[in-house]
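2 protein chains.
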Amino acid sequence: MSLVVQKFGGTSVGDAERIRAVADHVARTHRAGHQVVVVVSAMGKTTDQLIRLADDVSSVQPRREIDMLLSSGERISMALLCMALADLGVEATSYTGSQAGIVTDTSHTRAKIQEIRGERLRATLESGGVPVVAGFQGVSEEREVTTLGRGGSDTTAVALAAALGADVCEIYTDVSGVFTSDPRLVPEAHKLARVSYDEMQEMAATGGRVLALRSVEFARNHAVPLHVRSSFTWEPGTWVDKEDPTMEQAVVTAVTLDLSEAKVTVTGVPDRPGLAARLFRGLADRNVNVDMIVQNTSLHGTTDISFTIPEADLDASTEVCTGLLDELGATGVTSDDDVARVSLVGAGMKTHPGVTALTFETLASDGINIEMISTSSIRISCLIRAAQAEDAVRALHAAFELG
Amino acid sequence: MSLVVQKFGGTSVGDAERIRAVADHVARTHRAGHQVVVVVSAMGKTTDQLIRLADDVSSVQPRREIDMLLSSGERISMALLCMALADLGVEATSYTGSQAGIVTDTSHTRAKIQEIRGERLRATLESGGVPVVAGFQGVSEEREVTTLGRGGSDTTAVALAAALGADVCEIYTDVSGVFTSDPRLVPEAHKLARVSYDEMQEMAATGGRVLALRSVEFARNHAVPLHVRSSFTWEPGTWVDKEDPTMEQAVVTAVTLDLSEAKVTVTGVPDRPGLAARLFRGLADRNVNVDMIVQNTSLHGTTDISFTIPEADLDASTEVCTGLLDELGATGVTSDDDVARVSLVGAGMKTHPGVTALTFETLASDGINIEMISTSSIRISCLIRAAQAEDAVRALHAAFELG
Chain R
1 MSLVVQKFGG TSVGDAERIR AVADHVARTH RAGHQVVVVV SAMGKTTDQL IRLADDVSSV
61 QPRREIDMLL SSGERISMAL LCMALADLGV EATSYTGSQA GIVTDTSHTR AKIQEIRGER
121 LRATLESGGV PVVAGFQGVS EEREVTTLGR GGSDTTAVAL AAALGADVCE IYTDVSGVFT
181 SDPRLVPEAH KLARVSYDEM QEMAATGGRV LALRSVEFAR NHAVPLHVRS SFTWEPGTWV
241 DKEDPTMEQA VVTAVTLDLS EAKVTVTGVP DRPGLAARLF RGLADRNVNV DMIVQNTSLH
301 GTTDISFTIP EADLDASTEV CTGLLDELGA TGVTSDDDVA RVSLVGAGMK THPGVTALTF
361 ETLASDGINI EMISTSSIRI SCLIRAAQAE DAVRALHAAF ELG
Chain A
404 MSLVVQKFGG TSVGDAERIR AVADHVARTH RAGHQVVVVV SAMGKTTDQL IRLADDVSSV
464 QPRREIDMLL SSGERISMAL LCMALADLGV EATSYTGSQA GIVTDTSHTR AKIQEIRGER
524 LRATLESGGV PVVAGFQGVS EEREVTTLGR GGSDTTAVAL AAALGADVCE IYTDVSGVFT
584 SDPRLVPEAH KLARVSYDEM QEMAATGGRV LALRSVEFAR NHAVPLHVRS SFTWEPGTWV
644 DKEDPTMEQA VVTAVTLDLS EAKVTVTGVP DRPGLAARLF RGLADRNVNV DMIVQNTSLH
704 GTTDISFTIP EADLDASTEV CTGLLDELGA TGVTSDDDVA RVSLVGAGMK THPGVTALTF
764 ETLASDGINI EMISTSSIRI SCLIRAAQAE DAVRALHAAF ELG
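Residue numbers (my numbering), protein chains in the order written: chain R, 1 to 403; chain A, 404 to 806.
With the rest of the complex left out, here is chain R (with noise of 0.2 Å):
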């Protein structure tokens, strides 16, 4: 018997017919001895249409009040899921962030796990029952309901996993599982059977949909085993677990695109010490999360200072960079959208030179110009123009012979 935590994201719940399925898949695993703790999302589009609801009320929206408002969603997803459990003679109960012992700080609309407390769900697995815990949702300690923010779910499945003990935290989603290329662009692209958290990492940081970054570094830092599989084919998915070092590492696992980050150069910065520094510090007080940085050295005394950001927070960095201007001495601020990141992972990079080396020279063969590079021991990330991303994905994933 083991104890297994199957979380299911808003798709594998979106109407009553896919919640009657994911009732009867609970049950199997139930009836096949396993315990299991369910964690769900709110179905489909009820986020969105809830945040559409509160833009037409009010432009005027406490984070306290958004959370109220976000948190019934999946109150009404576990609620139904625990309906067609029962259906099926397996004794379910749903329990709130709050009931479930989730217990985070007080950051509204981004709220971090710090403890649970997991005596309810423990109680309910001891005497035989599935408790289905709402994803996404927890309680402070001055007992404020909060949410967790993009990928809060899989946290919150990742978290009971841990506390919980769990051996397996299964992610249910509308794919398959975790593929070398997003095999919407690249029909050649297929499912892994197998990827390391530090490569999860690097894919979702990159552009990778499938799992949330904090959920996988959540799963890595409590050693958490993920089987990320699909509600709809019910088929094995990609395990996510321990780098295993008897095994020879893929030079290269995946590649990964991301649209949907932004350029910002700040030109004729004075090159003195301390005005980077000055300009960076300026953005993460405003909560800017910047990439990748480059600065070009200049034989006038002075430098241009490019970084990307997330397209959302292009209007805050360019207001930054603006305001800072006179202090820098700088001459100018341009920004640019139009821009991709295609990025390479792999755990065998690192002990496989020449892999930056074929990277350029297949871009290159492509006529595609590369303006920012950033790279890690497992990645390697190329700026380019985003009209020409598609290719560069497609070239990529060939070259290194991934299909």
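In short, the hints are calculated from the structure, not lab data. Think of the CB as a built atom: it goes at the ideal place given N, C-alpha and C, for glycine as much as any other residue. Possibly wrong hints are sitting among the right ones.
As the list claims (entries may be wrong) - One side only, chain R facing chain A, incomplete, derived with CB under 10 Å: (1) Arg20; (2) Ile66; (3) Ser72; (4) Cys82; (5) Leu85; (6) Thr96; (7) Ala189; (8) His190.
As the list claims (entries may be wrong) - Okay, the calculated beta carbon distance ranges per label pair: (9) Asp105/R - Pro713/A: 44 to 52 Å; (10) Pro639/A - Asp24/R: 51 to 59 Å; (11) Thr512/A - Ala32/R: 29 to 37 Å; (12) Glu311/R - Gln452/A: 30 to 38 Å.
Unchecked claim - Cβ-to-Cβ under 8 Å is the rule here; a few derived chain A residues that face chain R: (13) Asp459; (14) Val460; (15) Ala482; (16) Cys485; (17) Met486; (18) Ala487; (19) Ala489; (20) Ser497.
Position chain A against the provided structure of chain R, taking the given hints into account.
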């Protein structure tokens, strides 16, 4: 400065525009120097939609999960109302039943309020804020989410008004007050400026739909003055308060109509003590609420027992009666849901004989046959054919000069 509880029903917060109108009204009350506690229902048809969704998912619906499901509706409306209030510069904070300290028993889907722990609401009021509380829901001592059943939001409002010592509980709805009769049936019906708790209770019990019976009972028991008014016109409505002994009472205050009852007759019951008791114990054990009862005496040593019940309980009732036929030695069971109950309510009835006579004369002159009669000190109810119901209401409204 007074403390006002304002309760807004589903149609009052039916869409974004209505929510903004409610916020405007609450903000005006607050700016006029009053302390305001707001209670909201779920938006428009939300509850019905959730029930339909549950029916699509499963025929087995544990009542605990129904409560979890339905309690999501008020979270949405109250969070949106707080946003709309924030837009108007009013600091408002939403509270779930649990957060508002509304402690109930554990009877899911029809919980009873046992205690109100109002500290959080009082603290919000003292800091100058407006607490917005979810109607219809509470939390049991076992930390389970409960709902209060039909008319639950009115009950929440009245209970909060009693616990906080409010000066008035304003019930906003889609009609402008309590009328002498349903204006859709009787165009001459007019709005009453004031009715007593007793009259309002009799009206609520006999088909008046403006207030739920239990909320009126609660208001009476705790002497909470109610003000029933429209959130569409905002004009003064009807006050429901203690009887004023210094004022002469109207003989008849209102004519009500209830089409939701059905009649069951058990024929040929031997005329022996204890048999009627056995029958009504059987019905009580199935939670059937029996209303009117008539037992005809007979010359042949047997009797027919007729009673009315809510139409929804008709199947259960005939089942109970049929099951008891042998034990009772009765000959048969008939049922009839084509009946209507017309009632006259008036506090002055106690001291004015002749109301019954005029009632019977009025119906007789219109050729309307009375099948059953029941009375209280301030009410007369007649069971008649459903097809004659509207004529009966109009005739009585005219005969007692309520127009």
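Structure-based check of each hint:
A hinted interface residue such as Arg20/R counts as satisfied when its beta carbon comes closer than 10 Å to some beta carbon of chain A; here the least separation is about 6 Å, so the hint holds. At its closest, the beta carbon of Ile66/R sits 7 Å from a beta carbon of chain A; the interface hint therefore holds under the 10 Å criterion. Because the closest C-beta pair between Ser72/R and chain A is about 4 Å apart, less than 10 Å, the hint holds. The beta carbon of Cys82/R comes within 4 Å of a beta carbon in chain A, closer than 10 Å, and the hint placing it at the interface holds.
At about 8 Å, the closest approach between the beta carbon of Leu85/R and any beta carbon in chain A falls short of 10 Å, and the interface hint on this residue holds. Interface restraint check for Thr96/R: the shortest CB-CB distance to chain A comes to about 8 Å, inside 10 Å, so the restraint holds. Among the interface hints, the one on Ala189/R is violated; its C-beta lies about 35 Å from the nearest C-beta in chain A, farther than the 10 Å criterion. This hint is violated: His190/R has a C-beta 36 Å from the nearest C-beta of chain A, more than the 10 Å allowed.
Distance hint check: the CB atoms of Asp105/R and Pro713/A are about 50 Å apart, consistent with the given range 44 to 52 Å. Judged by the Cβ atoms, the range 51 to 59 Å given for Pro639/A and Asp24/R holds: they are separated by roughly 57 Å. Between Thr512/A and Ala32/R the C-beta distance comes to about 33 Å, which sits within the given range of 29 to 37 Å. Taken as a hint, the range 30 to 38 Å holds for the pair Glu311/R and Gln452/A, whose Cβ atoms sit roughly 35 Å apart.
Hint status for Asp459/A: holds, given a least beta-carbon distance of 4 Å to chain R, under 8 Å. For the restraint placing Val460/A at the interface with chain R, the shortest Cβ-Cβ distance is roughly 5 Å, inside the 8 Å limit, so the hint holds. With 8 Å as the threshold, the beta carbon of Ala482/A comes within range of chain R, its nearest partner Cβ sitting at about 4 Å, so the hint holds. At about 4 Å, the closest approach between the beta carbon of Cys485/A and any beta carbon in chain R falls short of 8 Å, and the interface hint on this residue holds.
For Met486/A, the shortest C-beta to C-beta distance to chain R is roughly 4 Å, which falls under 8 Å, so the interface hint holds. With a least beta-carbon distance of about 5 Å to chain R, the hint placing Ala487/A at the interface is held under the 8 Å criterion. Proximity of Ala489/A to chain R holds as hinted, the smallest CB-CB distance being about 4 Å (cut-off 8 Å). With a cut of 8 Å, the hint placing Ser497/A at the interface with chain R holds, because the nearest CB-to-CB distance is about 5 Å.
Consistency with the previously given hints fails for numbers 7, 8, ordered from lowest to highest.
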